[in-house]
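**Q** Protein chains in written order, with this note's numbering: chain A, 1 to 111; chain B, 1 to 113.
Rather than coming from a laboratory, the hints here were simulated on the basis of the structure.
Okay, the calculated beta carbon distance ranges per label pair:
1. Ser28(A) x Arg96(B): 26 to 36 angstroms
2. Thr80(B) x Asp66(A): 37 to 47 angstroms
3. Arg73(B) x Ser68(A): 34 to 44 angstroms
4. Asp78(A) x Glu82(B): 38 to 48 angstroms
5. Val99(B) x Asp66(A): 22 to 32 angstroms
6. Ser70(B) x Glu45(A): 23 to 33 angstroms
7. Gly16(B) x Ser69(A): 45 to 55 angstroms
8. Lys98(A) x Pro39(B): 21 to 31 angstroms
9. Ser28(A) x Arg109(B): 34 to 44 angstroms
10. Tyr10(B) x Pro81(A): 24 to 34 angstroms
11. Ser68(A) x Arg9(B): 39 to 49 angstroms
12. Gln1(A) x Arg109(B): 23 to 33 angstroms
13. Leu11(A) x Glu82(B): 29 to 39 angstroms
Partial list, computed: chain A residues near chain B (C-beta under 8 angstroms):
14. Tyr32
15. Lys42
16. Tyr49
17. Ala95
18. Phe101
We put the CB at the ideal spot given by N, CA and C, even for glycine.
Spelled out from the first residue to the last, the chains are:
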Amino acid sequence: QKEVEQDPGPLSVPEGAIVSLNCTYSNSAFQYFMWYRQYSRKGPELLMYTYSSGNKEDGRFTAQVDKSSKYISLFIRDSQPSDSATYLCAMSVAAGNKLTFGGGTRVLVKP
Amino acid sequence: KAGVTQTPRYLIKTRGQQVTLSCSPISGHRSVSWYQQTPGQGLQFLFEYFSETQRNKGNFPGRFSGRQFSNSRSEMNVSTLELGDSALYLCASSVRTGVNEQFFGPGTRLTVL
Chain A
1 QKEVEQDPGP
11 LSVPEGAIVS
21 LNCTYSNSAF
31 QYFMWYRQYS
41 RKGPELLMYT
51 YSSGNKEDGR
61 FTAQVDKSSK
71 YISLFIRDSQ
81 PSDSATYLCA
91 MSVAAGNKLT
101 FGGGTRVLVK
111 P
Chain B
1 KAGVTQTPRY
11 LIKTRGQQVT
21 LSCSPISGHR
31 SVSWYQQTPG
41 QGLQFLFEYF
51 SETQRNKGNF
61 PGRFSGRQFS
71 NSRSEMNVST
81 LELGDSALYL
91 CASSVRTGVN
101 EQFFGPGTRL
111 TVL
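All chains should be built: construct the whole structure from the sequences, respecting the hints.
**A** As structure tokens, this is what we get:
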């Protein structure tokens, strides 16, 4: 079993809908949580970064971390076709560069 | 500000050969990390370099190695290539080590025949 599990999708939603993504993890030592977006043939792009439990909002994006359940979520409001991409969660034990990634969820927003 | 650049973008090699990939971080960034991305295993951490020193290492065999130069540019080398080494190799830079905000390059797609 992988340390970080993520449904591969694809997740197909109509334009304007809320996209809901999540990851579960097994290592309770993870403290730092990130969401990346990756377009085809591109490198991942950092979207959200949170430390420990709680919520964080940035524009149309909201990230939630529930450490008691070992569960993190990303919500995208008012989704646009340009949001169609693969979304990767990542986490680390300490502030640093050794990230453990989920397998990614492919999202398709239909006009 | 220019982003992370990786060269070459595409590479085809045969089993047993070796390959060197290059990464130039964002100007001012001194930490460089390397990742391997495959459909089966996803994104996996290879190693991190900061101030020309390897700071962290993932669970990859010794055939995978890297180095960093004084201008923060980094190279990774894979010797005795295997078919399973076919992957997208991504480089990420950050301002310093111990920082989670990493910025990824477009990757080098390596195909081993």
